[in-house]
Every structure is written in C-alpha cells, then in structure tokens.
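Asker: One-letter residues, chain by chain:
There are 4 protein chains.
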Amino acid sequence: MAVDLSYSDEVLDLVDRTRTFIGDVVLPLENLHAGDIEAAGGDGLRRELNAQAKAAGIFAPHAPVEFGGLGLNMSDRSPVFTAAGHSTFGPVALHLGAPDEGNVHMLAHVASPEQKDRYLQPLATGEIRSAFAMTEPAPGAGADPNALRTHAVRAPGGWKVNGVKRFITGADGAGMWIIMARTRGEPGDRGGATMFLAPADTPGISVDRYVHTYDRGMIGGHCEVTFTDVFVPDEDVLGEVDEGYRYAQVRLGPARMTHVMRWMGVAERAHALALDYVSEREGFGGKLGDLGMIQQMVADNEIDLAATSALLTRACYELDQGRHAANETSIAKTYGAEAFSRILDRCVQMCGGLGVSEDMPLARLANEVRPFRIYDGPSEVHRWALAKRAVGRARKERDAGVKHV
Amino acid sequence: MAVDLSYSDEVLDLVDRTRTFIGDVVLPLENLHAGDIEAAGGDGLRRELNAQAKAAGIFAPHAPVEFGGLGLNMSDRSPVFTAAGHSTFGPVALHLGAPDEGNVHMLAHVASPEQKDRYLQPLATGEIRSAFAMTEPAPGAGADPNALRTHAVRAPGGWKVNGVKRFITGADGAGMWIIMARTRGEPGDRGGATMFLAPADTPGISVDRYVHTYDRGMIGGHCEVTFTDVFVPDEDVLGEVDEGYRYAQVRLGPARMTHVMRWMGVAERAHALALDYVSEREGFGGKLGDLGMIQQMVADNEIDLAATSALLTRACYELDQGRHAANETSIAKTYGAEAFSRILDRCVQMCGGLGVSEDMPLARLANEVRPFRIYDGPSEVHRWALAKRAVGRARKERDAGVKHV
Amino acid sequence: MAVDLSYSDEVLDLVDRTRTFIGDVVLPLENLHAGDIEAAGGDGLRRELNAQAKAAGIFAPHAPVEFGGLGLNMSDRSPVFTAAGHSTFGPVALHLGAPDEGNVHMLAHVASPEQKDRYLQPLATGEIRSAFAMTEPAPGAGADPNALRTHAVRAPGGWKVNGVKRFITGADGAGMWIIMARTRGEPGDRGGATMFLAPADTPGISVDRYVHTYDRGMIGGHCEVTFTDVFVPDEDVLGEVDEGYRYAQVRLGPARMTHVMRWMGVAERAHALALDYVSEREGFGGKLGDLGMIQQMVADNEIDLAATSALLTRACYELDQGRHAANETSIAKTYGAEAFSRILDRCVQMCGGLGVSEDMPLARLANEVRPFRIYDGPSEVHRWALAKRAVGRARKERDAGVKHV
Amino acid sequence: MAVDLSYSDEVLDLVDRTRTFIGDVVLPLENLHAGDIEAAGGDGLRRELNAQAKAAGIFAPHAPVEFGGLGLNMSDRSPVFTAAGHSTFGPVALHLGAPDEGNVHMLAHVASPEQKDRYLQPLATGEIRSAFAMTEPAPGAGADPNALRTHAVRAPGGWKVNGVKRFITGADGAGMWIIMARTRGEPGDRGGATMFLAPADTPGISVDRYVHTYDRGMIGGHCEVTFTDVFVPDEDVLGEVDEGYRYAQVRLGPARMTHVMRWMGVAERAHALALDYVSEREGFGGKLGDLGMIQQMVADNEIDLAATSALLTRACYELDQGRHAANETSIAKTYGAEAFSRILDRCVQMCGGLGVSEDMPLARLANEVRPFRIYDGPSEVHRWALAKRAVGRARKERDAGVKHV
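Protein chains in written order, with this note's numbering: chain Z, 820 to 1224; chain P, 820 to 1224; chain V, 820 to 1224; chain E, 820 to 1224.
These aren't lab readings, by the way, just hints derived from the structure by calculation. There's no promise every hint is true.
Just so you know, same-sequence chains aren't split out, so a pair can sit in one copy or run between any two.
As the list claims (entries may be wrong) - The calculated BS3-like cross-link candidates involving lysine-lysine, where the alpha carbons are at most 27 Å apart (straight line), are:
hint, residue 1, residue 2
1, K873, K1215
2, K1106, K873
3, K1106, K1222
4, K873, K1207
5, K1215, K935
6, K1106, K1207
7, K873, K1222
8, K979, K873
9, K935, K873
10, K1106, K1215
11, K1207, K935
12, K1207, K1222
13, K1106, K935
14, K935, K1222
15, K1215, K979
16, K1207, K979
17, K979, K935
18, K979, K1222
All chains should be modelled from the sequences, with the hints used to inform the complete structure.
Answerer: What follows is the structure, encoded as structure tokens:
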C-alpha cells in the first residue's frame, strides 16, 4: 500500500485514441452546428458516431464487458470521459453521456438478469437511449428529492404510475424509462420511493414539451413528461419496492462524477483556446499572455483544473473501494461545477469581444457548463449536506467528551 | 452646500411614467420574442415604439430640448434610464440605447451648428439611428485604443478614410456614422486620431457581417465594417483634426454611465423575479426565501445593487460638475458590470432548473449583461488605468516628500 | 432639489485641520506604541490629546454645540471622522470613538434635560468616558439582541438590575453606564428591554476582566462585567420603560456609520502606505506598482474605498432626513467592514515580508479592522435582516397582485 | 498500476501516535503560552519536547534512518506532518519545522559524506538547529531570487561572503548556516549563486535583530543578519559552485509541501474548534450550526480542506517519483495558503466575538497562517510562474501547428 496516481498503459492508450477521435471526427461536427446536437442530426447523428466509435474501439468505456463495453472502473473512466468531453458532442458519440451512462451503471448494479437482458443490453450497446424520470415541477421532487409526488399504486400483476415530471433529460426518443414514484408515505416523507422500468411504448407515457435551457449538447431534450396510469408489471420493478432512494444514491454518486469528468473536458478545451489566443494576441505593447492580470486568470484556471482533477481522483478512488463517498462526491461535484463556471468566465474575459461572440465557441461553452451548478443537486444542497454531516460529527464528538482546544 | 440625494418631482414622475410604459408596452413584446430585437421587428418595431414613447412624453430624455428631448443631466438620467432598462427593448423604445445616446451626447457637445442640423437633429428625434466606428479587429484598436489602424489621408476638400472595424453596434441600418481614424502617427502612438461624420450612403462604407454575441437587445447588430476610400469633406470633420481621442473621452465617460443605468434595470428586474420566486417556492420544509443560503444571495444582490447605484450617483454628479471623472466612471462601470454578472448569476441559481430554462428570462438576461464586463473597456483595462493613476499619485507624493507612516 | 455631493467650506476646513492634527500629533504616538492605546498611556493620554484637540478646535465634532461640540450632522461627520480614523488613536484623541460617540448621540436624542445635565454634559466634554452594556455571554444577547437575559425588577423608587455582560467596550474606567436590561418577558422575546443610566460608582457594578481581542485602539478594554443588585432610581431610566430596543435602534444606525467612517480612515491609510511601497520597490525587472497583479490589487482597493464611501454617503443622507435607514446602514456597514478586511489584506500582500512584519503597521492594522465584521452585528446578521425585508417586500407585492415577468 | 490513495498501517499508526502526543503534551503548552514559542521556553523547551518525541518514536519522521529519523517519503510525511501541525508548537516538538526540515532534506540529497557527518548528523538528530540565508532586504533577493546581492569572492582555500539578509527564520540560536551568495554575474542575472555551509561560530556572522511578524510559532525568529567577510573553506561549499539556484529548487518544492502539511494541521484544528462551537451555541431560535449561512461556511471549509489535501497528495506523489513538480507544488502551495486564510477567517467569523478574542485561539491562529501567502513565494509569484509555463506551452503548440477549435 502506497500512494499511486498512475494509469495503466491500456488506459493511457484509450485516452489517446479518444482524443484523436474527438479531434478528428466530433469537434468539427460540433463547431459546424454551433453545439446544437439536435440541429446537427439528433439520433441519426448519434447512431453514425456510435458506429464510428465502436470501430475505433472506444465505445462505452464504462459499460460491462459482457455488453460490449470496456468495463472501466471509476478511476479509469476519469481521463477517458474527460477526453470525450472536449467536444460537447463527445458524450453522445461515445455513448457515455447523461442519463444513459448513469442508467447503465445502475442497471449493472441493481437489475435482475432478466432486466439486464431486456433493458441493459440494448441500452449498453447504444441500440436505444434512456430516460431517468425523477425531477418534478414545484412543489414536487427537485433539489429536495423527498418532495416526490408521482405515485404508484398496486394494480393486478403490477403497479399503476401517475404523475408529472420535468427536466427529464433525453426523454424525447428514449427507448426505455426508469421512473421514480412514491409507493409509500406522503410528499415530504423520507423514503418510500420505488424505481420502475418501462419500455418507451408503454401506454400513458407522454412527452409534453421541451424545457429549453442554456445547454445544447444533450440529446432528446430536458422534457416535461406526464405519466397517466402507466402500468408496470412486477417483473419490471427495479430492485426492491420502497428502496428507490437507495438505488438513486447508487446511481447519483458515480453519475455526479462522470458529469464532472465530461465537463472537465469542456473546461480544458476552453482553457486551451484562451491560452492559444492570449499567447499571440498583441495589446498594450506586448502579448496579452504576458500581462499580469491575464497571467492571473491563466494561473487561476490552472489551479481550478488541478483542484477539480485532484478531488475527482479522490472521489473515484473511494467509489472504486465500494464506499458511498457522499462527502467526496459532493465536494468534487460542487467544486468542479463552480470551477468550470469560473474557468469559462475567465476564458471569455481573456478573449474580449471575441469571447462573447460566436466567432469563438467560448460563449456557448460557458452556457453549456453553467447549469451544472444546478443539475445533480444545486451547490447549496451539497453544501447543506456537507455541513449537516460535519456538524453532526462535531455533536457526536461532544457527546463522546472530545475536547477541542 | 450640503449633501442632497433627492430627485425633483418632475424626474420622479418621469420615472413612474417610464416604468408604466415599459411594463405595459415593452416588456410583453420582449418576452414574446425572447429578447431578440431583430426577430421582434427590428427598425420597424423601433419606429412604432418611438412613436408611442413620444406620445407618452418619455422619448429621448437625454436629448437636447431644442431637438425634442427632455434635456436631463446625467444625475437625472440615472433613474429614468434604469426604469427603461427593465426591458432589454426599453433603450430602443425610448431611443436612449447605445450607441445613439452617446452619439447624441457627443454631438451636442462637439458638433458645429451645421453638423447639428444635418446629423444631430435627425438622430435626436429618432428619424435615423447611428454607428460609432472605433473598435477594430486585432491587431487594431480594441481595449487599447492607441492601436488604431484605420487611417485618413488628405484629399482635395476633405479626407479619404480606409480601414476595417469590428463590433460596430447598430451598423446595419445606421443612418449616419462617426468614424474614428488615424490622421497622425502610427498604430500604437498616443493621440493622432480624428472623428469623421458620414451619412450612411457614403460610397465605400460596407457592412460585411454580423458578429453574433451573447446579447440580443441592440438593434443593427455588432458588425464588421470595411471603409474603402470613404471621402469625408472638411465640414464633416467633428471638432478639430487629431483631437479624436479627446472627444472619445467626452463621449465615453457618460456613455459608460448610461450603460450602467440601463443594465441596472436588467439587474433590478432579475432580482425582483428571483425574489418573487423564492418568496413562495417550497422546499426543505419551508419557503426557499427563508433559507440561510438563499438569504445570503438575496442580501448580496441588495448590496450589489445599492453599491452600483451609489457609485453611479457619485460619477454622474462629477460629470454634471463638468469634470472628466475618469476614476469615478471607471469605478462605477467596473463595479457595476461585475455586480450585474454576479446578480444575474445568483438569480439564476436561486431559481434552480427554471433559472437555466427559457421558462424564465433569467438565463437570457444573464447572457445580456455578461458582455458589459468587456464592452466599453474590459474590467482589466479600467483596473489598469485606475492603478496607473493611483501609483502615479503615490510617486508624486513621494517626490513631494510626503511621508506615510 | 438636485443631487449635490459637496461639503461646505467649513467642513472641508475642519477635515484639513483634523488631518494635520492626526499627522503631526497622533500618528507618531500611535506608531511609537504599536497601536496599543493602553500601553501608550490610556486615560492619561486621552486627556492630554483631548486638550490639544480642543485647542485645535476639532474636538467632538458630533457633540451638541451647547455642550462644546461642533454639532455636525451625519453627512458632515463622515469626512471628519475618516480623517480622525487615519490613526487608531484618532478617535480617542478627538473623543469621537466608540462607545462614547454613540452614547452622546443617543443621549442627545433621548435623555431628559436633567439626564443631559448629569450625564451628557460630562460625557460630551470628555470629562468622563462611558460604557454601553448590551452584549452578553452565551446564551444571552449577542448577534441576536432578543436573547437578552440581564433583567431589572422594580424596587422602591427605581429598579434593581442583575446580569452578566461581555465585550463591553470602555468599561474599565468608564465614568457612566448605559445598561440594557429586560423589564418584560423572557429571553428570546421581542421587545421588553429598558435602558438604565448609572454613574460608575454605583454599588454592584463589577468590571471582572478584559476579553483581549485583535484590536488595540479602544480605551478601557472589551470587558466582562457583572451587575449585582445595581439600583437605578426612576429618574435614571432613559426614555420609557420597555422601549430599550427602540432607543438601541436610534443609537445603532448612526453608530454603525461612524464605525465605518473611522475604520475607513485606517483603510485609506493602509492603501496609501502600500501605494507608497509598490510605487518604488523594485522587482521582476521594474517597479512592483507597474506589475499587473499588483495593479489589480491597487485598483480593487480604489474600488472598495469608493464603494464604501458612496454607500456611507447614502446612509448618512437618509439618517439626516430623519429616516430609520435600516437597509442603508446595514448595507454600508456590511460592505464597509468586508471591504476594509479585503483592503488591509491586499495591502499586506503588496508589501510582502514587510507587510506581515512590525516594520510596517499593516499587520496590526489588519488586526484592527478584522473584528468590525463581527462588532455591531456580524455580516451574517445584517444579510439575514436585509433578506428578510426583501423577501417580505416580495410577498407583499405578490399579495397585491404585482407580476414580475 | 492503478490509482491507490491508501497509507500503510505503519504510517497510520504513526499518525495516531503523533496525534496523541500533540494532544496530550504539546497543545496544552501552546495554549498556556498563547502560541509564543519563545515565551514558552525557546530552545530549552525544544530540547525537552524533542526528547519526549524521541521516546514516543515519532521524532523527525522525514530524516534519514541512518541519522535517527523515520525516513518517510513525501507522501507518507503528509498525514504525519499535518497531525504534528495541529499545534503550532508541534513542528518544533517533532523537529520537523522550517527551516530545519527543508535543510535536512536538501543536505540528504546534496551534501558530501563529510558534510553529512559534520552538518547533517547534528541537525537531523536535533542536537542543533539551522538557518537558511537566502532572502534579502530590498533591492535584494526576495520574491525574485535573481535579485541576489550577497556575494562571495575567492579567498585562499575558500570564499569570503559579504551581504545582508532578512527574514532568516531560526537565525537566533542556529547551530549551522546555509548561505546563498552570488559567485557569478550581477544582481538580476539568472543563475550564478552558490550555497555555503558554515557553523554558527564562524567569524563575521551577525544576527542583528528580530523582524517581528504575525506568526509566533517558529523558533529563533525571522532575523536580519549581516555577513562580513565570512570565510567558508572549499570543503564547505554545498554541491557545485554556481549551482545554488538548482539546489534551492531541490529544497523548495518539498519545503513548500511540508509547509502546506503543517499549516493544514492548524486549519483542521480551527475547523474542529469552530464546528464544536457552532454545533452547540444557541442563537436565532436554534443552534448556529443549523443556520444556512453558517452551514455555508462549514461546507466551504470542508471543500477547502479536501481540495488542499488532494492537491498535496498529487504534488507529493510527483515529488516521490523524482520529478521536479514545479506546477504541482506551486498549485498546492498557492491553493493551500489561500485556503488556510479563508478557513481561519470563516472560523473566526463563526465564533463571533469569541473568535476575535483570546478566549479562543482562533485569532492568533489566523495570524499564524496569514504569512504563508507570502512565505515561500507570494501567491502572485507562483501564479506568474504557472502562467508563464502555460503560455509558453501554448506558444510551442502554436509553433507545432496544433489547432484549438
């Protein structure tokens, strides 16, 4: 046992090949369509890029090997997902974007063998996409998941689900659904949720509209969805009844980290773009990149990237040890999301008028990373959870007679 | 002499009427078109709104009374422009937006009687719009105005202007131009610029393309423009030859402040929207607006708005005393532009998923204010100028034998 | 009515004379004793300096004219107190420091004619100092004044006060006391406090110990005090029984602002010291003051000083109009206290090793301003109050049917 | 090869024993003397504590095993030094403080066998302390080491050193010196420095005065020193002539990291103290630790501690791989130093009046960590170095034809 922060040659090679693929194939497409994946072709484009990624041996690095993936653990995913994230189309191209990657991860851990065959197999191979239906419009489940209002009641041979969801990423065109619904208690109660699997053509699932947002790189929108008497047979209950919040945790920790990995790619790319610009742009009697205030922004980007990476490494290691890692993932997520906003903001500022224009992709990349401070738990909720645990720890120490002096 | 921070009843009444007009007439149009003034009708819409504003007695509050304006000084402009700025279409509706307002201000101070008749009269009344052609693509005049490369050479009876400009706001459809060109020295030299007036149909003026940016509320784009042998007769030289930088200063100080006033309106509106949301939205066992971390964002917005307002008041007072107020306007501009970004960011964060969606206007308003940290001099350039003056002052004190202990 | 930010010639002259006195007489003493007013002579020094200040015609500029002061309103106090604050001994020298200045202010507003003769007269003239006994150790009145536990019960011809206080500034050597005690309700209840006046030799007042703090410029310590059956006759009740919180507000708004004024002097002085240093210190091939990262710190100081000053001007104007100005004083206090910490921190950083050494006064001045983020209400409490009012306002608007769009 | 962030049982046990020793033996002494190591006994105390640490088997964990140390690499030092740093007397007690620890590290790498016997042996065992004489008063070597003015000229059988140094930690009472002097070129030139070893009784070494600073935990002061014709024989030249800057780098990277480790202990302790306080202190109708604004400070401390730790882990790993790790150590040092200031500031704020008082150690611990943003290279110099390397890298990529899009 000794600290080791190296990656195997296989992983390093995979990172290289991913970078090449992103640079040669994906980035040109993204720029051509100003980062709008739907405008660029949506699911048609996705299938083409998935096929090319498979040919390049870099498809779905996180998916189980038995379903055609590369079976990487969290630590090894990190540099690969970041390389893919250099293009906002990269996650779709390699089929490692939200919510599919998190759904694959959770199904691999929780699904029954039959569910794996029926749902995980087509999802992991990219035959279909998926949706994870948890968030609801006010006053339902949002930053506070206990507010869950969508409910399921027993029906012969299964359950009937009713409710309204919002910000359901990838809903339009999803081939399968994971639906979070209350099976016990009232909105506001802790616990009592169950996860249900459903094919897209299940009667009663209605994708009502897109909720358009700052970001444009996810396929299938962030949609408003209504479930009206959606019938789910018992065999499509994921795991145990009433244990949905527990599985959500299985999913959310790693899903947060893969979000960090992917958006790290955006931040690295923006930093490289800004560096390239200031290293040559003239002004005030020299190059911008040699001016102190610009140097400060450059250095702060370097520090923010390094700190996010270091926190991500720590969180992935803990997850790979089988730990819940609630603190570590909250910290890496919160720090990373805020760092990415700062980095993109500095990059825009360093490039001046060009930075806020469409002549460079920085303005739209800034819009792409902004929502991450809200998605997957707003920074405030993570801070609240971190503080609650810390204060609780202090109270236990007090009760145990520990003195701090 | 005693500190007085009150406004006259006439100004307060004008503010009220402006608010009413913006709320009843302008905001609905802005929201209908998601803040895209071109999509909403461009110059056609402008003429309609201008007519209604005239009817309401609130048109062009800054323009000289002799040309149909209300003749307000800077201090009195402040609350009126802010009221107009509550809608991103407000400045166009009241004809007090950039660059027209600044051009009217400068022409009123510098133009000859003949130039006033020919250029200021139609501009002040809204018959035409205008462009101010100063900024150039790299390596020309940008944050560093001394890098000016567009040049004018003597020609019989006047001057011939050649050069390329970029980010020329309102260029497309402008009825008149103010062109900054070098008449002495080389790019990088201090001084040596002259301002030229030109009607839109002057041969050799070519608006080549829009440089699309984050913001969508200014009419006529931020354009790339080429001047090819543009002939300007001697009578259309604005003020004295070689004194262009001096007039630019006459224009820039007030123009910076009116930018602050207008964007202050956006910030106030966003704050009101977010307050309205958190005051009622439930979560974590209560209303969001009663949670400490949300309260902190609310309070920081209140502080940022108050500080910007107080700095603006100071700068306007100094300008109204006939002072150059370089420090005061740099400080109010820099603080304000950064405060607006912070405020919009907090408002987005307070509203969570809705904040980053098009269901609320906050995401696009955040994009609307972001460029102000670059327009009219990036924050870094203002800080550099502030520091140069402060350090220079310290050196003079040292030379004069002043001791600090 | 029109915005006016000028001072009368009388005030400007008073500022000049104050600066001269501070520079010639007070600063050398402060530096000689490393800012420790007790070590420098305590009350003995105070009396000497007060006599000199009287001779210079600058003593107690805030005190009523009838008691030998200059009778300045809040607006006019501002530049004078700031000039005095350039030395941490200045407030003692001019008798305008806490808590005396605030006590004079409150007595002038609330005391009966007899109380003025007995208490205000000797206090205003500097014959004695005073203490304001409000803050208590946990779980008593601190940031939350409603937690008040010191109580007074009726006794023949007056009241008996019992309780413990902490952080009572100037307690050691105070000639008179203003004691806040509960006369109704329980700790935690709103209202129900009364203010009692008491001479220093009243039996039962015990100054138990100094609570040593970061700051060293206030005379008489921040002390722990016990009141044991302190008898106060009815004629020494200040104002009405049970109205103590209301009078505390009368005192606190202005007292907060004069704190800002005084510490502004410290911040201005530190900025001048750091500017003087970086303007000449060589490093990295030039002067430090010409390096971008130093320029950024210089400019941020300039911005922070200007913003504090502008907010202070606004708050003082409102107070002078007879308004409560709760928001304005909270904002100026919170912004100012945080700005002073930032400014001192930047000054220390600009001066490097010297900045953290006793070869310059910056390290101790940083310690002098730090507590202001806690004294007179921690920043968090002011933010909480600001947010409560803002959210309450939004709720009223909602109830009134106002729509924000 | 795979990411591993675990420590061996031996290291974990050493950490435990270090914590116990610090808590039982060292912290009580520190608190008794308000953190002033000289007042607590200086070198006499050091010898006593060193003896106890040896008895506990925790003395000098970084020193070579052959000289009685535990021979830990950088990664393993990290948790041990942090445990020692919980008391500001801990580094002296375990003989792992600056500058001794860095000097031991450098001598172990660079000294000749004879030099090791003569200098490293007594230093590693704690028989003597040492000084590292590099920093000079203006205009000499400070943040910019190339400004070195102390110079050495050839003398028969050795060198004669002349010059003035400042902020020489531990100078008073040091048993040996490492002196950096210019042997080639002029002040401002890159390179040309040599390191000289000298016993304390070498004629011409004069410790002139203490430069008192914010921090009180280092023994032997931060002194001003004059070297007058100090003769150093050839055998006491450390390594090669003119290679001093290179050896300084050998020393500085690890020395920066051990600074981070030690001050991390202070930050952890302060955080634990503040948590203990807010977890029980009542206010505003509940416990402070359950209020949102306090929770935000708690969470930000957790994030800052985690990020510093993660960056430190990365930098130590790189150093242990034998790499120069200039970026990694600059980032960990800069982030850590700034984080510690933020953490201490939040802890003070959370504890209110007590936080700024001597009733808790927070105010003095805040003063203890503040200078680290200046010591070992100010943050600005590290940012400048980081930016220079980043911009240089970008220029090389440009030259190599790399395109960023």
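Asker: Now tell me, hint by hint, if it's right for this structure.
Answerer: Results of checking the hints against the structure:
1. K873 x K1215: neither (52 Å within a copy, 33 Å between copies)
2. K1106 x K873: neither (43 Å within a copy, 49 Å between copies)
3. K1106 x K1222: Between. Shortest inter-copy distance 19 Å satisfies the 27 Å Cα cut-off; intra-copy 56 Å does not.
4. K873 x K1207: The answer is neither: 45 Å in one copy and 40 Å across copies each exceed 27 Å.
5. K1215 x K935: Classified as neither; 42 Å inside a copy, 49 Å across copies.
6. K1106 x K1207: Answer is between; shortest inter-copy Cα gap is 12 Å, intra-copy 48 Å.
7. K873 x K1222: For K873 and K1222, the Cα distance is within 27 Å only across copies (26 Å; inside one copy 58 Å).
8. K979 x K873: neither (38 Å within a copy, 61 Å between copies)
9. K935 x K873: within (21 Å within a copy, 60 Å between copies)
10. K1106 x K1215: Classified as between: cross-chain Cα gap 15 Å, same-chain 56 Å, threshold 27 Å.
11. K1207 x K935: Answer is neither: 37 Å inside a copy and 52 Å across each miss the 27 Å cutoff.
12. K1207 x K1222: Classified as within; 20 Å inside a copy, 36 Å across copies.
13. K1106 x K935: neither (57 Å within a copy, 42 Å between copies)
14. K935 x K1222: neither (52 Å within a copy, 43 Å between copies)
15. K1215 x K979: Answer is neither: 43 Å inside a copy and 42 Å across each miss the 27 Å cutoff.
16. K1207 x K979: neither (36 Å within a copy, 43 Å between copies)
17. K979 x K935: Close inside one copy (22 Å), not across copies (76 Å); limit 27 Å.
18. K979 x K1222: neither (54 Å within a copy, 39 Å between copies)
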